[in-house]
Amino acid sequence: MIRYCKTHEYIRVEGEKGYIGISDYAQKQLGNVVYVDMPDLGDELEKGEDFGAIESVKAASDLIAPVSGEVVEVNEALSENPRLINADAMANWIIAVNISDPADLDDLMDQAAYDEFCAAGH
Amino acid sequence: MNRKVYGKLIFELSREGRRGYAVPRSGLTADDVENKPTLPEGMRRSAPLNLPEVDEPTAVRHYNNMSTNNFGVDTGFYPLGSCTMKYNPKINEEMAAHSCFAGLHPSTPAFAAQGALELYWTLQKSLCEIGGMEEFTLNPFAGAQGELTGLMVIRAYHASRGEGEKRRKVIVPDSAHGTNPASAAVCGLEVVEVKSREDGTVDVADLEPLLDDSVAAIMLTNPNTLGIFEKDIPRIASLVHQAGALMYYDGANLNPLLGVARPGDMGFDVMHVNLHKTFSTPHGGGGPGSGPVGVRKGLEKFLPNPRVVRRTETPEGFPVKDTDRYAIEYSPISLGSVSATLGNFAVQARALAYILTLGSDGLMDAGKLATLNATYIKESLKDCYLLPIEGLSKHEFVFDGLRDKSTGVTTLNIAKRLLDHGYHAPTIYFPLLFHESLMIEPTETESRETLDEFIAAMRDIAREAAEDPETVKTAPHLTPVTRPDDTTAALNPILTFDNL
Amino acid sequence: MHRYFPHTPADIKEMLDRCGVSSLDDLYGDVDSSLRLKQPYNLPQGMDETAVRRYFDHLAKKNVTIDVCFAGGGFYDHGCPAAVKSIASRSEFLTAYTPYQPEISQGTLQYIFEYQTMMSRLTGMDISNASMYDGATATAEAVLMAVASQRKRNLVLVSATLSPDVRRVVDTYANYHGVELATIPAEDGETSRAELARMLDERGKEVAGVVVPSPNYYGIIENHEGLADLCHSHKALLIVNCVASTLAVLKTPGELGADIACGDAQSLGIPLSFGGPYLGFLCATKALMRKMPGRIVGATTDSEGRRCFVLTLQAREQHIRREKATSNICSNQGLMTLWVSAYMSLVGAGGLREINEASSLMARYLLEKMTSDGRARLRYPSKPFLNEFLLETDYSVDSLIAAAIRKGGILPGIKVDDHTILMAATEMQTRHDADHLFEIAKTCV
Numbered sequence: 001m002i003r004y005c006k007t008h009e010y011i012r013v014e015g016e017k018g019y020i021g022i023s024d025y026a027q028k029q030l031g032n033v034v035y036v037d038m039p040d041l042g043d044e045l046e047k048g049e050d051f052g053a054i055e056s057v058k059a060a061s062d063l064i065a066p067v068s069g070e071v072v073e074v075n076e077a078l079s080e081n082p083r084l085i086n087a088d089a090m091a092n093w094i095i096a097v098n099i100s101d102p103a104d105l106d107d108l109m110d111q112a113a114y115d116e117f118c119a120a121g122h
Numbered sequence: 001m002n003r004k005v006y007g008k009l010i011f012e013l014s015r016e017g018r019r020g021y022a023v024p025r026s027g028l029t030a031d032d033v034e035n036k037p038t039l040p041e042g043m044r045r046s047a048p049l050n051l052p053e054v055d056e057p058t059a060v061r062h063y064n065n066m067s068t069n070n071f072g073v074d075t076g077f078y079p080l081g082s083c084t085m086k087y088n089p090k091i092n093e094e095m096a097a098h099s100c101f102a103g104l105h106p107s108t109p110a111f112a113a114q115g116a117l118e119l120y121w122t123l124q125k126s127l128c129e130i131g132g133m134e135e136f137t138l139n140p141f142a143g144a145q146g147e148l149t150g151l152m153v154i155r156a157y158h159a160s161r162g163e164g165e166k167r168r169k170v171i172v173p174d175s176a177h178g179t180n181p182a183s184a185a186v187c188g189l190e191v192v193e194v195k196s197r198e199d200g201t202v203d204v205a206d207l208e209p210l211l212d213d214s215v216a217a218i219m220l221t222n223p224n225t226l227g228i229f230e231k232d233i234p235r236i237a238s239l240v241h242q243a244g245a246l247m248y249y250d251g252a253n254l255n256p257l258l259g260v261a262r263p264g265d266m267g268f269d270v271m272h273v274n275l276h277k278t279f280s281t282p283h284g285g286g287g288p289g290s291g292p293v294g295v296r297k298g299l300e301k302f303l304p305n306p307r308v309v310r311r312t313e314t315p316e317g318f319p320v321k322d323t324d325r326y327a328i329e330y331s332p333i334s335l336g337s338v339s340a341t342l343g344n345f346a347v348q349a350r351a352l353a354y355i356l357t358l359g360s361d362g363l364m365d366a367g368k369l370a371t372l373n374a375t376y377i378k379e380s381l382k383d384c385y386l387l388p389i390e391g392l393s394k395h396e397f398v399f400d401g402l403r404d405k406s407t408g409v410t411t412l413n414i415a416k417r418l419l420d421h422g423y424h425a426p427t428i429y430f431p432l433l434f435h436e437s438l439m440i441e442p443t444e445t446e447s448r449e450t451l452d453e454f455i456a457a458m459r460d461i462a463r464e465a466a467e468d469p470e471t472v473k474t475a476p477h478l479t480p481v482t483r484p485d486d487t488t489a490a491l492n493p494i495l496t497f498d499n500l
Numbered sequence: 001m002h003r004y005f006p007h008t009p010a011d012i013k014e015m016l017d018r019c020g021v022s023s024l025d026d027l028y029g030d031v032d033s034s035l036r037l038k039q040p041y042n043l044p045q046g047m048d049e050t051a052v053r054r055y056f057d058h059l060a061k062k063n064v065t066i067d068v069c070f071a072g073g074g075f076y077d078h079g080c081p082a083a084v085k086s087i088a089s090r091s092e093f094l095t096a097y098t099p100y101q102p103e104i105s106q107g108t109l110q111y112i113f114e115y116q117t118m119m120s121r122l123t124g125m126d127i128s129n130a131s132m133y134d135g136a137t138a139t140a141e142a143v144l145m146a147v148a149s150q151r152k153r154n155l156v157l158v159s160a161t162l163s164p165d166v167r168r169v170v171d172t173y174a175n176y177h178g179v180e181l182a183t184i185p186a187e188d189g190e191t192s193r194a195e196l197a198r199m200l201d202e203r204g205k206e207v208a209g210v211v212v213p214s215p216n217y218y219g220i221i222e223n224h225e226g227l228a229d230l231c232h233s234h235k236a237l238l239i240v241n242c243v244a245s246t247l248a249v250l251k252t253p254g255e256l257g258a259d260i261a262c263g264d265a266q267s268l269g270i271p272l273s274f275g276g277p278y279l280g281f282l283c284a285t286k287a288l289m290r291k292m293p294g295r296i297v298g299a300t301t302d303s304e305g306r307r308c309f310v311l312t313l314q315a316r317e318q319h320i321r322r323e324k325a326t327s328n329i330c331s332n333q334g335l336m337t338l339w340v341s342a343y344m345s346l347v348g349a350g351g352l353r354e355i356n357e358a359s360s361l362m363a364r365y366l367l368e369k370m371t372s373d374g375r376a377r378l379r380y381p382s383k384p385f386l387n388e389f390l391l392e393t394d395y396s397v398d399s400l401i402a403a404a405i406r407k408g409g410i411l412p413g414i415k416v417d418d419h420t421i422l423m424a425a426t427e428m429q430t431r432h433d434a435d436h437l438f439e440i441a442k443t444c445v
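Just so you know, the protein sequences line up as chains C, E and B, in that order.
For the first sequence, the residue numbers in my numbering are 1 to 122.
For the second sequence, the residue numbers in my numbering are 1 to 500.
For the third sequence, the residue numbers in my numbering are 1 to 445.
You may find that some hints are simply not true.
What the hints assert, rightly or not - Selected chain C positions facing chain E (Cβ under 10 Å, derived; list incomplete):
hint, residue
1, Q29
2, G31
3, V33
4, V34
5, Y35
6, G52
7, E55
8, S56
9, V57
10, K58
11, N75
12, R83
These are computed hints drawn from the structure, not numbers from a lab.
All C-beta atoms, glycine included, are put in the ideal place defined by N, C-alpha and C.
One chain only, chain C, in its complex shape (with noise of 0.2 Å):
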């Protein structure tokens, strides 16, 4: 199940475990990713609350976090190669998360939803 926000992050839910980035339409409209800013393991994420930035050469973006829970996995190739986001932003997600409460993932959109908020010029 994959979830978005407003704020264009997604998350990918597979069990208590929710894998977060950024769309494929906000790394369009961002350009050349050439760093991500992400939290350590352990750290304990609110929703709505922001836990990293996205840059590109004449953008940044803030990252927030679409859940509450602890930060479980960190995407260390983003590291090296951002640009990955790039080449497949699905694919490559951010950071993977434990879901403290799924009631946080009922006021995010499904895909048939994003994309209308994307069509509409969000």
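Dock chains E and B against the given chain C, drawing on the hints supplied.
Here is chains E and B on its own, set in the frame of chain C:
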């Protein structure tokens, strides 16, 4: 300017054993002291210091060759919007280097530095007259630090009224420069954006509901970033003051108001000016600047320490001696200090030389001529460049790219092609109100011939965009280097020669 | 028209025609008359150059001429090669803006790259930014940077031996930004290691950074051996405030294991100019690169493969991050970066070593002279110093300063209290200057 880049680095000219300076001989030897100066082993540098080893002629030629890769106001026309790239008079440089000031230590007691303090005080007072303010501090080192200092004054004011915790919001137009919100954030204030109307002026209807007792101040430039005078300013000031908040004037666009109007008379309580813009001090490739802050009566006690004051009588009521006329003071209710010293004194000296040189008469003309020059360019080009806002504008204006969008030639392309014509580019992609912003500010020191040539070059580029867009899109072609690869620079940063 | 304004009356007339208005005032038709200036500024009429010179000369005469400067406190009377002044007055450098158009700004970008290289070598740190306003603001920014780079830590410990002038600025920035500061007490003129350890034990989880000076305000070279490990064991960053020129001989922040090095580079040949412009340096480990405030220049290639330089890592900065940026700084000290790079190129490592040796020898001579009649003594006699020391006097410091300036044209130092003065020496003073000051001191009570 060069057509070919001089690209050597000083490290590549270094040869072991060369030197470019003879250290003065004091005549002292180790035998002249009883205890020889020694440092414990653990406190000494162990790694050898690897600095270039070059002789004086090699070093001088290196830097001079390097300078020819650069473009300055002395090289040619620099219509960079919001940066006020006016001519930097040479007498200012001579005065800034005056031997009686250049060697003065910042801790020199006031009685021995009366001349320097008088200079400082005279500039403070001159800025008060020009800004319509009660007092000025010259301590802030730059416009950005001036903003920060001004916001600190505002916080200190609210705190003195017991509203320090409550009033933590700063209203900033969505068209403002990024420095405004950044300054507010560094000052511990929360930024609230107010919408601009199509012409970039504040939407009073949007502002009104934002004004409550949580607001500390509103930050505005006037004229705004589109060069348009904020006509509603008296109404805005009255609403803001009714809400108990203060009006902050960002002096980035003060130049067109020289000789016309004063921020203090428009209802602003706190302002900063950029001596490197309005008062002709050179930008120096990014600094040093100076960002003095002025305040209306009642706020002067919050200005940063140290302060320079003029005394006429002693606390006991006797006339002061000439050696005590100007004094340095530290006020306990000041906002604190934003600098260790009295700021960039040599920059202040340049600004005072400029004000004296122009005098009241020259200053009265400066703003209007700046506006004339900008309007002349605008009117001469609006048939081929898209002018989104018609009507009166001041020292600068914004085109939204070419009128003819079918060529695919962007503002960036136009800016780069202008470099080939021997001009610095205008400010591009700011303000964010338009997609293809091209912001032009000529200043008052450009001749009609210069403006006509620039207009011809801009028309040339517009024609070329239609006839041979590829040439424009791949510009620049005639500069020392062509377009740099920004992405690689940010992806794999090489920040020193050792990593090259 | 004024000589800086090229227009003739005919030009103005024709230009107004093109603009479709009949007078300059018409260009301000949108400015309500209630807001307009009612009369010319109350300022003198414009002056010719000779009058301006006379005015500045007149002011200059109101200063007491001081030829010898034994004052330091972070700013020193070092000499400077004539060539540096000549290089920095090239108007292609002087009259350029921030290098936003790299194709026509390689001169500026290249000297900043050279500066960053020399500064990182001098401090022993991985990277340097393109400079800050001055040493005090650089230190304040280092404090904010430490807090910004550490999630959920908001306390910074600052040594009591840091210059009070720097501390005031750090206090102000921290106060308004909402960063908590705590002072590490001094013990015998040095940062107390025992107190620091205790503070870290008590509040280590809150501490984002620890600020210590070297040399400290009293001129003492503090022993910071093992300090980095202590800080890092509590995950706090070590920030070392230093005097740039002394790093040619002193253990560098890099060698001490510091995370951030900051301070003033005025000592690299920048004129004292009654307080500025100077230059603040800010250097850090590579790990902190993305948290650095200010401009940074990087090397890259142009579309024809030639080496060139650009402003880089701009996504950190205020024009992109707006209120999320670490700092609001949007400039550097441009020309002063050129000044100190040209200074370091000409003087070289050997010259800087000689300057430190000469300064330290002169300081030693001055100290021995001033203490030779038993009426003054070194405040911290067991501590090592380089070119600056704290002297306790039996006589009044005010009387020494007044007499030395009036009778000798000598600024003897910085008053710390009625009987304590901070004195510094450089390569610019002679034995005669020290002897002369001592003769004046003998007359003080």
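Hints versus structure:
Hint on Q29 (chain C) is violated. Least Cβ distance to chain E is approximately 14 Å, over the 10 Å limit. Hint status for G31 (chain C): holds, given a least beta-carbon distance of 9 Å to chain E, under 10 Å. For V33 (chain C), the interface hint holds, the least distance from its beta-carbon to any beta-carbon of chain E being 9 Å, beneath 10 Å. The criterion of a C-beta within 10 Å of any C-beta in chain E is met by V34 (chain C), whose closest approach is roughly 4 Å, and the hint holds.
Checking Y35 (chain C) against chain E by beta carbon gives a least distance of about 7 Å; that is within 10 Å, so the hint holds. Annotation: G52 (chain C) was flagged as interfacial toward chain E, and the flag is violated, the nearest CB pair being 17 Å apart, outside 10 Å. Because the beta carbon of E55 (chain C) sits about 8 Å from the nearest beta carbon in chain E, less than 10 Å, this interface hint is met. Hint on S56 (chain C) holds. Least Cβ distance to chain E is approximately 8 Å, under the 10 Å limit.
The interface hint given for V57 (chain C) holds, since its Cβ lies 5 Å from the closest Cβ of chain E, which is under the 10 Å cut-off. Among the interface hints, the one on K58 (chain C) holds; its C-beta lies about 8 Å from the nearest C-beta in chain E, closer than the 10 Å criterion. With 10 Å as the threshold, the beta carbon of N75 (chain C) stays out of range of chain E, its nearest partner Cβ sitting at about 17 Å, so the hint is violated. With a cut of 10 Å, the hint placing R83 (chain C) at the interface with chain E holds, because the nearest CB-to-CB distance is about 7 Å.
Of the numbered hints listed earlier, those contradicted by the structure are 1, 6 and 11.
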